[in-house]
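Make a model of the complete structure from these sequences and hints.
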Amino acid sequence: MQYETVIGLEVHVELATKTKLFCACANEFGSEPNTNICPVCLGLPGSLPVLNERVVDFALRIGEALNFTVPERSIFHRKNYFYPDMPKDFQTSQYDEPICAEGWIEVDGERIGIERAHMEEDTGKSTHVGGGGRIHDADHSLVDYNRAGVPLMEIVSHPAMRSSEQARGYVSELRAVLLAIGVSDVKMEEGSMRVDANVSIRPVGTTQLGTKVEIKNMNSIRSLGRAIDYEVERQTIATNTGERIVQETRHWDESEGITHGMRSKEGSSDYRFFPEPDLAPVAPTDEMRAAARAAIPELPAALRERIVAEWQVAEHDARVLVANPALSDYAQESVAALRSGSARDVVNWCTGELLAYGNETGSEPNSWALSPIALAELVGLVGDGAISRSQAKEVLAGCLAGEGAPSDVASARGLAQVSDEGALAAIIAGVLEANPDAVAEFRNGDEKAQKKKRGFLMGEAMKASKGQGNPALLNRLLDAGLE
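Count the sequence shown with numbering that gives the first Met the number 0 and you get residues 0 to 482, in order.
These aren't lab readings, by the way, just hints derived from the structure by calculation. One or more of the hints may lead you astray.
What the hints assert, rightly or not - Below, computed lysine-lysine pairings styled on DSS-like, alpha-carbon distance capped at 25 angstroms:
# : residue 1 : residue 2
1 : 462       : 452
2 : 465       : 450
3 : 451       : 462
4 : 462       : 447
5 : 392       : 462
Said to hold, decoys possible - Per label pair, the in silico range of CB-to-CB distance:
# : residue 1 : residue 2 : range
6 : 253       : 109       : 22 to 30 angstroms
7 : 297       : 44        : 44 to 52 angstroms
8 : 255       : 478       : 55 to 63 angstroms
Glycine residues also receive a C-beta, built at the ideal position from the N, C-alpha and C atoms.
Have a look at this one:
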């Protein structure tokens, strides 16, 4: 029997606010354990929450960017359950009146429906010592409450995806949108974006949903795809052998490439939701909604489309560039400053050497010694033939090291491309005269021999010019000399 995969994703996004959702404790990753805590986020008796208005602003931005309907009011609920990293024994979340309802995002030309997005507080973080890091086999556990009370938006898709590839595309596009609107750094490796996948299968042609299994612990988009593929295979084998699929939560093990059962999956009734008595309903004003709309920049899909059309670059390169908002802003400023060369050249530098430099150094474009205007100058030097592309790489390294503007670095390092046709013609003539055997083999050989000997002669010409000869001009002169 053939089965159809059905996937819904729950994405938890830590919001990039300075303080937590209901108190003034710092929202910082990497602080010493249990230093950003107070009576409110520890749930001590007598403490009362105060809603962070910036969280509402970010929620409204998400609503605008993801085509949600934002109702006149939404309310918080208490979600009751016990877990060691939940200091209050309940989580302040939203239930049947979320701040964002029924949105969508377009992925590769197809709209994927999003059921809701709601505000909630994060839990603390447990570290299980021994037993492979799993609670059941651990010697003991440590709890860091710095994360307790950090503001989250949980974005819940409809079960609308049919493959792991589509799920990966959804998360990639969602991540790009959230980065662009400035609400989160969405770093999966640091936990500021966490994805849970609800996966089920059903016979092709049927509409009734199968028993879903929730998968947790995917710390990258690649892991998400692998986990879904494994779970689909597991459920297919189980169904074909008559085994009943149990509604449960499963843990993805990256090293083993399999999922492990964690616990039976709770239903909403198990959480005993009831309205939070200490918080008033959230009723965004017209001014708040207008401010959120005004804060939305050009979104990734529109920006990619414009870059491809106006700059004549490949879709893949545009996607890589736009995935990093700071880098795409840098590129746009550089393109605006171009005097010669092309926007495509700017993109090639940005998605190649500069992206690699940023990743290696952990730095952002606004901290680089090479400004966008300086990159435009570097592109212009290559476009004008003043330096070659290979020389430009050396100039780039000097600029990033703080040695000065591209033209100054090129002069200081003696990197000037020779484009004098007479001088280069003399070099070609000398190379041909010094290598008569190679010339004869080129003229009398087959295509393979010609390619080999021509490459040799071109290498000799570049060597004779000390690497400073204009490659395009040398190639043309060599072809003429070999005729």
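Results of checking the hints against the structure:
no.: 1; hint: 462 / 452; result: holds (15 angstroms)
no.: 2; hint: 465 / 450; result: holds (23 angstroms)
no.: 3; hint: 451 / 462; result: holds (17 angstroms)
no.: 4; hint: 462 / 447; result: holds (23 angstroms)
no.: 5; hint: 392 / 462; result: holds (18 angstroms)
no.: 6; hint: 253 / 109: 22 to 30 angstroms; result: holds (29 angstroms)
no.: 7; hint: 297 / 44: 44 to 52 angstroms; result: holds (49 angstroms)
no.: 8; hint: 255 / 478: 55 to 63 angstroms; result: holds (58 angstroms)
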